[in-house]
Structure formats: C-alpha cells, structure tokens
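Number of protein chains: 2
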Amino acid sequence: MFEVAELGHTVEKSVYKEKSAQLRTALLAVQDRLKDSPFSVIIIISGVDGGGKGEVITRLNEWLDAHYMRTIALGESTDEERERPKFWRFWRTLPAKGTIGLYVGSWYSDPIAQRVYQKIDTNALQTELIQINQLEQLLSDDKTLIIKCWLHLKKEAQIKRLKALAKDPATKWRVTDKDRQHLGLYDEFIGVAEQVLTETSKAHAPWLIVEGSDIRYSSLTVGQHVLERIQQHIQQHSNAATDVTGSTTPSQVQQYNLLDALDLSLKIDKSDYKKQLEKYQGKLNELTRLTLAAKRSSILVFEGWDAAGKGGAIRRLTEAMDARHYQVIPIAAPTDEERAHHYLWRFWRHIPRAGQVTIYDRSWYGRVLVERVEGLAKPNQWQRAYSEIVNFEEAMLAHGIVIMKFWLHIDRDEQMRRFKSREQISFKQFKITEEDYRNREKWDDYQKAVNEMIARTSTSKSPWILVEANDKNHARIKIIKAYCDRLEKMLDEIH
Amino acid sequence: MFEVAELGHTVEKSVYKEKSAQLRTALLAVQDRLKDSPFSVIIIISGVDGGGKGEVITRLNEWLDAHYMRTIALGESTDEERERPKFWRFWRTLPAKGTIGLYVGSWYSDPIAQRVYQKIDTNALQTELIQINQLEQLLSDDKTLIIKCWLHLKKEAQIKRLKALAKDPATKWRVTDKDRQHLGLYDEFIGVAEQVLTETSKAHAPWLIVEGSDIRYSSLTVGQHVLERIQQHIQQHSNAATDVTGSTTPSQVQQYNLLDALDLSLKIDKSDYKKQLEKYQGKLNELTRLTLAAKRSSILVFEGWDAAGKGGAIRRLTEAMDARHYQVIPIAAPTDEERAHHYLWRFWRHIPRAGQVTIYDRSWYGRVLVERVEGLAKPNQWQRAYSEIVNFEEAMLAHGIVIMKFWLHIDRDEQMRRFKSREQISFKQFKITEEDYRNREKWDDYQKAVNEMIARTSTSKSPWILVEANDKNHARIKIIKAYCDRLEKMLDEIH
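Chains A and B, in that order, give the protein sequences. Read in order, the letters of the first sequence correspond to residues 1 to 495 in the working numbering. Read in order, the letters of the second sequence correspond to residues 1001 to 1495 in the working numbering.
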C-alpha cells in the first residue's frame, strides 16, 4: 500500500518555484468558481509524524484565498466538546457551501492513536471506521467534496527527519515526546494506518498516499491533487459544459512510479536457472501435497504487460503440480452468461475447493486496468472496484485461502522484441494481433493504472509481488520461489 | 420498529380472490418487461418462525412466471460450500439479468441464528452485517434490485400459530423442534432482528415489515410490494418515458395504520388533570436536578399534526424546569447559514451540554415528513434519511443522552375545530394560515409518511411514543409522565 510513497521523490528548488507559482494561480482561479458552487470542500491532511503535515498545511494556506477557507486545528477536546457526542466538534466546524475546511487533525486522529496505543482493539477500531464511513457517506451524499491526503515516510526516513528537526534549535520544539514515543511504534502505526486507509478509501472519498520526505514534492503533489479534485467536482455539479480542467491546470509534478523503480537487468543464467527450477519445482510439488492434506487452497493471480511471460511462468508452476488439484482460468472477454452477472461473479465461480489451487491468467484486476484505460468501465465503476476487490480478497483470506498476486514487468523495448519474435514463430503468431500494438500506445495510461492499483490493493495480508521479467528465467524463479516461501510460512503457522 | 406489524391486519377471502387475480396479471406484465431489463431482482423473504414465510413463497411462485424466476432454498451448507468462503453459496446462485431470484433463507439466516443462540456476540454480528451491507451495496451498484420482506408476529400470535400448526395432522410436520426452541427465545430473536433490520435498511435495499398473522394479507402485501418495486426500478433504468406504474397497478390492500389504532377518546378531566400535573411537574423538577448532577443530558423531540398541541405540552414541561438548564428550539424553514450546510447540521448545533435539556419543536424528522410530502427533498434524499437519522440518534445514545420522541396525534375533525377556534382568538390568529388548510389536504400522504417513519426509526433504545392528543390534558400528562419514567429508569441504572 505504501510502496508508491517510498521511492524517494524530490523536487528541485527552481522547479518548485515555477510549479508553485503556476499552481497558486490555478488554485485561486478554481476557488473563485467554488464560491458559487453548491457544495463545500473538506481537506484532511494526515499521516506519519515527521511526514510534514504542518508544512503542507502552511503551503496550502499560502496558496489559497483565506476568505473562503478555514484551517481547523483540533487538538485535545475542550470541556464543551467532551460533554457532547464525539462527532459534535467536527459538525460544528464543517465548512459552509462554497468554502473549504482544511482539517489539521480530523476524525481519523483519535481512532488511530487509540489503536496504536492499544487503548482499543481491532473490533472497536472497526466500529469507529464504520462511523467515519457513515459520516463521509452522508456528507458526500450532500455533495460535499472530501479530499484526504496521507503523508508517508519510510521508517529510516522518519528517524532521520525527526533527528534533524531535534538537532536544529529552530525546529527542536516541534519534536514532542509523543513523536519520539511514536517512533518506537512505527510498525504498529503503519499496520493500523493500513487498516484505516483500506477501510475508508471509498470511491467518493479516496485516500491519496504521498511521500513526505521532501516538502517541496509533497506540498506540490497535495496542492495539485486538491486543484484537480475541486475542478472535477465543479464540473460534475455544474450543468454548464464549460471545461475548467483544460487550460488552467499547471503541468504535473514529475511522479516516479513503482515500475520504473524495478531493476530490469536482473537475470539468471541458463545452467543456474535449470538447477534452481528443479529445486523449487520439487519443493512446490511437496508443498502442494501438504497443503492439500491441510485443506488450504490457493489463488494465484497473474497480471502484467502483453508478452511479459505470464503463460510461461504459469507452466513452470503447473508442471510441478498434480493436474487433479489445480485449474488455470484464462480471463478473456466475458461470456454472455458472465456478462449477465456482476463482474466479480465469473471469479467467484472458480474459487477452489479445500486444498486446491486456482490460477487466474489475468483477473478481476482487469476492472481497474484494461477496463479503466479502454473506457469499458465508467469512472465510478472502476473507482469503487478497489474496495470491492479488497473486500472480495478479504473474504478469501478470512477463509484461510492463500492469495498471491504477481505483476510481471518488462520495458517497452523488450515488449517490441518479443512481439517481433512471436511473429517469426509460426505457432506463436496467433498470440500477436493489431490490438497488442494498439495497447502499446497506451503504455503511460496503463502505468498510471498499475501504480494506483498497487497503492489501493496491496495490503500486508495480500501484497502485490512485482516481478522483473525482462529475463524470463529470473521471473520464473522469483515467482515459484515466492509461492514456495508463502506456502511454507502458512504451513508453519498452522502446525 | 415492529409496531406497524402488530395491528391485526386481515383480508377477507372474497377480497383476496379478487385482489390476487389483479395482482397476478400485473406481476406477469411487469415480469415480461423485466426480461429485457439490464438488471436482476433478488427477493428475500425472512422473519419470525410461524410468520408464514413458506406460504408467501408458495404464493409468489404461483403468481410469477417460473421461466424467469428461480426459488433458491438454502438450508444447511454442503461440503462443496463449506470448503469455500461463506458468500460463495450466494454468489453461485445469484440471478442473471432479466430474472428473479427468490431466496428462502439468505445471507441473513446464519448471522441471526448464531446471535440468537449466543454463538457470536454483538460485535461479531456487527461485522457480519457490514459484510452483508457491502454485498448488497455492490449488487445495487450493479443495478440489482434487492427486495427484502420481514414477516413479523406478536409473541402471542406466534405461540397461537405454532400450536395450531402442531395440532393439525396435515401441518404438524412443519413445526420443527427448532421452531419450539425459537419460541422460548422470542424476545432475544426480536432484539437481534431489530439490530439486523436497522443496520441493513438502506435506501437501496430497505426492509418492508409485514404482519404475518394472516396469510392472505401478508402474501398480497408482499406481492404488491414486489410489483411496485420492480415497476419503479424498470422506470428508473429505462430511458423511455413510458409510465409502467399507471394503469397496471391493482388497487392496494387495505392497510391499517398505527395512527388509526390509537384511542382518541382517552381523556382526563380538569380536576384530575390539575392534581396529576402538579404531581409530575414536582417530580420532573426533582429529576432534572438529579440528571444535571449526574451530567446526563436529554433531547426531546415533538412532532405531530398542526394544532396538535405541541407548544402547550412543551410549556407544561418547561414550567417544571430551571430556565438555565433547557432550551426550546423551534424548527421552521432553515436560515441561509443552515441551508449552506447538511440538513442535520442545524440539529447538531443545539446538542445540549452535560445535564442540559434540548427540546425540539419539530425536528430532523421534517426530512421524512414535510420535506417528503411536499417534495422538498428528492426520493433518494428522504429515503436515505432514515438511516442517517438512526445513526445520528445512535451517536447521542452512545454518549448517554436520553432521547424522547413524541408524535402528537389528533383526528381531522379535531384539527378543524382547533383551526376555527384559533381564528376566534386574537392572539392565536397568527398561528393559523392558508398553508395549514393546504396541509390538511395531504392528510393521507402525511399518515403514510408517519407510519413509515415509525417503522424505520422506532427502535427499542429510542422508540416513538404515540400520544393520543384529542384531549390536551391526557396528552400533557402522558408526555410528562413518560419523561419522568424514563429519567427515573436512567437514574436507577447509573446508581
């Protein structure tokens, strides 16, 4: 979930200067239109300590027109507040239509802190999150735009940042004892944050996860996001066909993405590959027999670029398994019968029986990949699909099913080489069509969709495994090894 | 919540014959249109044992065209099913677009039974209900129409019915040991049912509560409801402006309502009234001082017909209280500032501090009464208001606030008498306007709205108190006494 915010994004000072000036102009313009719009805007800035919440809020205050915006800083509750139901303090501060409320500390603060400090258990947190969802749903139903940004830091980055702040006499006061205490609880905090963000990322109020180590990067990213969301919302709620997104949007901050961060030069040479493959296939064979006896089934999901080698990787797995115990489900366009049902129905159909394995060659993630990029699903359909998918996988996990999700990544050049070589080989020609070439042109759109998919659906219980696949040997070994490791761990846990 | 289904509804045999023939024709006609519609229909028939679920399902099967409908009877789960996540059995049976799936036993059966038999606790039930809501939300988002009917019986009626079935050799087999066991758990069952129905009644999938003591009545009511819901849904999802609701709808089954069931002849004579008023005002004065010391606040809601005597009743309460400790909030048209916020915002504003009392003269229920009837709120707005209101009141209850909700009922003749007499008295003339006369004309619409409001928002923790108000003395004493009783009970509990 936080992978996208651990890539070391930074913005040069000179770039910042230019971009922030553009952004400011655009924000003021959109705020001017917002004034007469039939909805209010709530901005929530949350995240890890040292993630730069305060700085981002300061920048937003610089950029936005204070006449139509209010920063609502809620710390300890007052007497007045404690004597009323807990949401009263939020209700009394909700922004009026046409204005922005910028929350420093929000309905998320208390539940997260209480859970991290073990004052409430998971169930109680769940109950709090339901109430938060109800509140946000109610506000969204009333057209309120809810923008939620989460500032993330890697553990090492957090330590470094807090140390730096503590060292500098000018910023020392900003590091509280509470911060230091939090530091020791980094892992707990991230675990709780994952639950909170997963449960409360809804199509109408999604979380944006932003890397917080460079304040120029994070404030530009948040500002840009605020701008775009307000623009979209105005457009959605105005009948006028005027396009506000067009000319006024400044160029985006450069976003690194997870896929670019992969090292595609990784490779395994032939003789080593053969040895390792033999070793892991033997291991897998044994493990699948044990899992069958333990009645624990598996679901393996393969996604990746065209020609990334999904089929080959799947075959290396199935070679090691008993044909009675697995099935491979290739996902192409849905049948008539499938089309007459919910899009998840075709996947529910093939859920394995106890101990069995189902391998999906492409999957429900098509909803947020090809269907999104090709416009086959409407924005509200693919946006709500993230939580539908998370819920779907949680139902599997709750039943004790092992889920492995692989994204096979190759670069554009490698893909072209493979397309060309397929065209040379008679029995592979059928695999390459005009459509494949067309898809290539949407590479950037797909990359964006993949990054968002990972940010929204990679959870600690069901993470995405990104596979460097320019070298097929490397990819196949990484996959079979990962599956063996997971099965071993699972078997350990139940024994 | 179940008040509406305890009024003794019955339908004569001859009436049933005529109505069921009409209904059948209409159902077949609508089913013919459904065939080509882009959605499926799920009908869930649930309720208390002996409530006639089986009979209602049999009738629906008689009336509907079996080609496009399937009855899905799910009892104990099979091996196949147990080896997969629990919702798998429902997913595999979901109806295709254009067809109806009639569920006997549904995703509600297990959670309810497990909670009644104490196999799971309230939190676990809550988690189950969240998953159910997620499933129904996901299906609704995919346009599926979900129709949920709950067949209710009073405790005595259930005992009578099961005894009758057990006595008759022809029906004896239908009374299982489980039914007898349930009988001893009637109160537990109703408590659980209330939680389940409250949490899962959403605008897109509301529960209809139907009295189950007379099978002719219940099957006609359910059939009628199915017809109307499908008609509405077709209309909503067809761009064609053709009106399918018009001519084909058979006349409704006669519905008794809660208000008609009240005994408006109840009265208290003047001397008795004075004595009682003095007694309860003294008591209330003492009790409000104790609650202030105990820091427990109260919210009193007054709703009722125009001229039903809300103001007078409120004054009889406030006379007994210290002016520093209560405020009366008359709710008229919202101010500009209020209009710029969510409709609940104006009510959150006045939530009392610890130990204080807020009296709302009209309230948030305006959303589902005047705003509904006068078309000031759109159907989806007032429909989702029921759960918004229940959540709102639950936030108060969770904080330990006492909520009392009074509906003051008078009949139309009494209202007219009061209008006329107000016109005679100079200082009351301002209270009577043309609008009051106009509202009278919508008496039936308001009655329907009041009945639905009570069915959807009267819970055991926050029930509606229906006040027979043709006699003002009776009404005032009933109200002050009810409030005293509740405060006494609350004080007992905390000591």
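Check the hints yourself; a few may be wrong.
With a cut-off of at most 27 angstroms between alpha-carbon atoms, the simulated DSS-like pairs for lysine-lysine come out as follows [said to hold, decoys possible]:
id, chain 1, residue 1, chain 2, residue 2
1, A, 202, B, 1143
2, B, 1274, B, 1013
3, B, 1274, A, 86
Derived, one-sided and incomplete: chain B residues facing chain A with beta-carbon distance under 7 angstroms [said to hold, decoys possible]:
id, residue
4, 1087
5, 1315
6, 1495
Hints are computed from structural coordinates only; laboratory data are not their basis. Beta carbons are placed, not taken as given, at the ideal position from N, Cα and C, and that holds for glycine.
Do the hints match the structure? See the list:
no.	hint	in the structure
1	A:202 / B:1143	holds (18 angstroms)
2	B:1274 / B:1013	violated (50 angstroms)
3	B:1274 / A:86	violated (42 angstroms)
4	1087	holds (6 angstroms)
5	1315	violated (26 angstroms)
6	1495	violated (21 angstroms)
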